[in-house]
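Trainee: Guided by the hints, dock chain B onto chain E, whose structure is given.
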Amino acid sequence: MSTATETIEGLVKQEYKYGFYTDVETDSAPPGLNEDIIRLISSKKNEPAFMLEWRLKAYRHWLTMKEPTWPHVHYPPIQYQKSVYYSAPKKKGDGPKSLDEVDPKLLETYEKLGIPLKERERLAGVAVDAVFDSVSVGTTFQKQLAEKGIIFCSFTEAVQNHPDLVKKYLGMVVPYTDNFFAALNSAVFSDGSFCFIPKGVRCPMELSTYFRINAANTGQFERTLIIAEEGASVSYLEGCTAPMRDEHQLHAAVVELIALDNAQIKYSTVQNWYPGDAEGRGGIYNFVTKRGMCKGRNSKISWTQVETGSAITWKYPSCILLGDNSIGEFYSVAVTNNYQQADTGTKMVHVGKNTKSTIVSKGISAGHGQNSYRGLVKIQKSATNARNFSQCDSLLLGNKCGAHTFPYIEVKNTSSRVEHEASTSKIGEDQIFYCNQRGLSTQDAVNMIVNGFCKEVFKELPMEFAVEAQKLLGVSLEGSVG
Amino acid sequence: MNTEPILEIRNLHAGVEGKQILKGIDLTLNEGEVHAVMGPNGSGKSTLAAVLAGREGYDITEGEVLYQGRDLLDMDPEERAREGVFLAFQYPIEIPGVNSTYFLKSALNEIRKHHGESELDAMEFLSLVKEKMKLLELNEDLLRRSVNEGFSGGEKKRNEIFQMAVLEPKLAVLDETDSGLDIDALKIVSHGVNKLRRDDNAQLVITHYQRLLNYIVPDFVHVLVDGKIVRTGDKNLAIELEERGYDWISTHVPVPA
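Line by line, the protein sequences are chains E and B. Every number in our numbering is 5 more than the matching position in the first sequence, counting from 1. Every number in our numbering is 49 more than the matching position in the second sequence, counting from 1.
Chain E with its partners taken away, still in its complex shape (with noise of 0.2 Å):
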């Protein structure tokens, strides 16, 4: 076997470097899932009625459901009644009305992460929501945001002090009735971030929230309801990180973005949850739905994820385009090494006239990692004139893994154009070795060259993300050669 192809599977021997476990005393729910179990969640939220009637009738809904096993991944059964729903960490008398009260071990934590929550530390430009397990522990930026009319808080806050917005709003690209998961995360979601854009107003920063899971045992649950109403814009970053544990737990979130008349929503994620280790065990069962409707004439919603982490991943960041001329674009680097498995993708659904969509997923294997790109391009009746742009290519290294692409097209407008393009490389030896022979390390070769690859992606990221996306990739493939 050449040195090269051995350097590639030797690629897995970076540590996990979020891998720590913060030791706080929490507030946690029993292990189980029941009716009880959501009552308690509700009331520890202090929630209005409706929210309880609304996560009821999701925990009902799901029980008639089955897990979907059409996903190209393989997981042992997960055990729902052995998770914990809740859990969060003490809350000393009413919990802290600001950072300053926050718990120092928590913007400890979060500082090792690099996102320091106080405000002087703070990465300029950017308001951050941090959540910690279930629950949201400070939210930034919040008094310059509500200047231009904006909120940004946890979701917690929002059911509080704006249930008619929350009311509207949730559900209504994501209902519960949705998927299992999704069902699921309806019935015990304990916290996440709301966003609302009034109508005219570009947020002048970049939002972000940090999702970060420490407890053990326990799942999370988190929804993110975004609203851009006439004429706004904002941008909006989510990073998430683990510790190492050796048993799965499951990240079972929500996204819901709406965009009304002439509104623009990019959502970037950078997802690093622990991938598990170099023999498969542990890591984040990372279930996600993420959907934006584009509601508006001229609306515009666009998804940029790059994901690293987790053991499995299971997400198809979305767009329906119901208003004329509204634009869906996803941009997706996926990278599954060792054991991991990604089934990621999009669904482009156009109602309106005249709606465009582009894809540009780009996967990356290595190890023994399967990675499946899954995508729907969906084009209604009604949508005269409707066009969409499908670019899917595959990077393998080494040669345990795997690449495989389910692309899925139903078009029912015959004036609508729908393009569809595919390519599966290897990184070569040949590649490598032309980068030794002008000098470059072969570490540094795979970089430039998974790097070159994932260069149409990357251009989308805000900047201060693109340079931690390329980095992260870095990290996440090193030793694959070298």
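If you are wondering where the hints come from, they were derived from the structure by calculation, not from laboratory data. Beta carbons are placed, not taken as given, at the ideal position from N, Cα and C, and that holds for glycine. Be a bit skeptical, because a hint or two may be false.
As the list claims (entries may be wrong) - Each pair of labels, with its calculated beta carbon distance range: (1) E:Phe185 / B:Gly229: 54 to 60 Å; (2) E:Ile414 / B:Pro89: 48 to 54 Å; (3) B:Gly229 / E:His409: 35 to 41 Å; (4) B:Asp248 / E:His409: 40 to 46 Å; (5) B:Gly229 / E:Pro81: 51 to 57 Å.
What the hints assert, rightly or not - Result set (BS3-like, lysine-lysine): computed pairs, CA atoms no more than 30 Å apart in a straight line: (6) E:Lys405 / B:Lys68; (7) E:Lys386 / E:Lys431; (8) B:Lys179 / B:Lys219; (9) E:Lys460 / B:Lys162; (10) E:Lys431 / E:Lys71; (11) E:Lys431 / B:Lys68; (12) B:Lys183 / B:Lys244; (13) E:Lys361 / E:Lys173; (14) B:Lys244 / E:Lys464; (15) E:Lys431 / B:Lys183.
Mentor: Below, chain B alone, put in the same frame as chain E:
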């Protein structure tokens, strides 16, 4: 002046998967010299180039190669490159998405770092590159494209010599750089190579055909047949070979066992 040879190949035996290809090569390149290695298909020309550059998959069964007095075979490919060994590929490799300028700048800076020199910034690099591009009559547009991606055969070969011009190797190995070139491109490439010839470097030009040697005039011509150098002469040997063919040489030269 340094009188140590740049490259000394001694009794080199090498093969792939148990198949012997090079069966005892001896070759010395001194500073300022251009050597041509000619031979029919399958004689081992490209193997020689690959072994010198450190491509994996070749077993060295006997012999040694000294580069400026150091054991070349003991170095990784990237170390050889940083020490000044350059291979112009017969089939240059495409690297999609990697910008040509970025690639070459990274390569040059790796080499500079290795020699304890400061790295060039973008502006310094660009002015260097512009000057070298003229030498190869390359379109600047090439620098904005991905490495070799979508280049014509001729552009790829010219790009190799362009990289050589930028990296300024001590020892350049040109592996069938003439193959696939039309006469105009051949002239441009040869002109570039000739311009890069200096008193303190050496070039090893590997080719199947004599026509390249009309433009790159070697000091020595070696004929490689079945893994051995069977004749060495000056440029006239190449002309003779062109007239009489490889059959003539392989049947008229006694091959030692």
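Trainee: Sort out whether lysine 183 of chain B lies within 30 Å of lysine 431 of chain E, counting only the CA atoms.
Mentor: violated, 35 Å
Trainee: Please verify whether lysine 244 of chain B and lysine 464 of chain E have alpha carbons no more than 30 Å apart.
Mentor: Cα-Cα ~40 Å, so violated.
Trainee: Given a hint of 48 to 54 Å, does the C-beta separation of isoleucine 414 of chain E and proline 89 of chain B actually sit inside it?
Mentor: holds, 53 Å
Trainee: Please work out if lysine 431 of chain E and lysine 71 of chain E have their alpha carbons no farther apart than 30 Å.
Mentor: violated, 37 Å
Trainee: Is the Cα-Cα distance between lysine 179 of chain B and lysine 219 of chain B 30 Å or less?
Mentor: Measuring from Cα to Cα gives roughly 22 Å; hence the hint holds.
Trainee: For lysine 460 of chain E and lysine 162 of chain B, compute the direct alpha-carbon distance and say whether it is at most 30 Å.
Mentor: holds, 27 Å
Trainee: Measure nothing beyond the straight line between the CA atoms of lysine 183 of chain B and lysine 244 of chain B; if it is 30 Å or shorter, mark the hint as holding.
Mentor: With a Cα-Cα distance of about 12 Å, the restraint between lysine 183 of chain B and lysine 244 of chain B holds, given a limit of 30 Å.
Trainee: So if I understand the rule, the pair passes when the alpha-carbon distance is 30 Å or less; does lysine 386 of chain E with lysine 431 of chain E pass?
Mentor: violated, 40 Å
Trainee: Could you say whether the range 40 to 46 Å given as a hint is met by the Cβ separation of aspartate 248 of chain B and histidine 409 of chain E?
Mentor: For histidine 409 of chain E against aspartate 248 of chain B, whose Cβ atoms are near 58 Å apart, the range 40 to 46 Å is violated.
Trainee: Starting from the range 51 to 57 Å, see whether the pair glycine 229 of chain B and proline 81 of chain E falls in it by beta-carbon distance.
Mentor: holds, 56 Å
Trainee: Taking 30 Å as the top limit, are the C-alpha atoms of lysine 431 of chain E and lysine 68 of chain B close enough?
Mentor: Cα-Cα ~27 Å, so holds.
Trainee: Honestly, do glycine 229 of chain B and histidine 409 of chain E meet the 35 to 41 Å range at C-beta?
Mentor: holds, 37 Å
The structure fails hints 4, 7, 10, 14, 15 (numbered hints given earlier, in ascending order).
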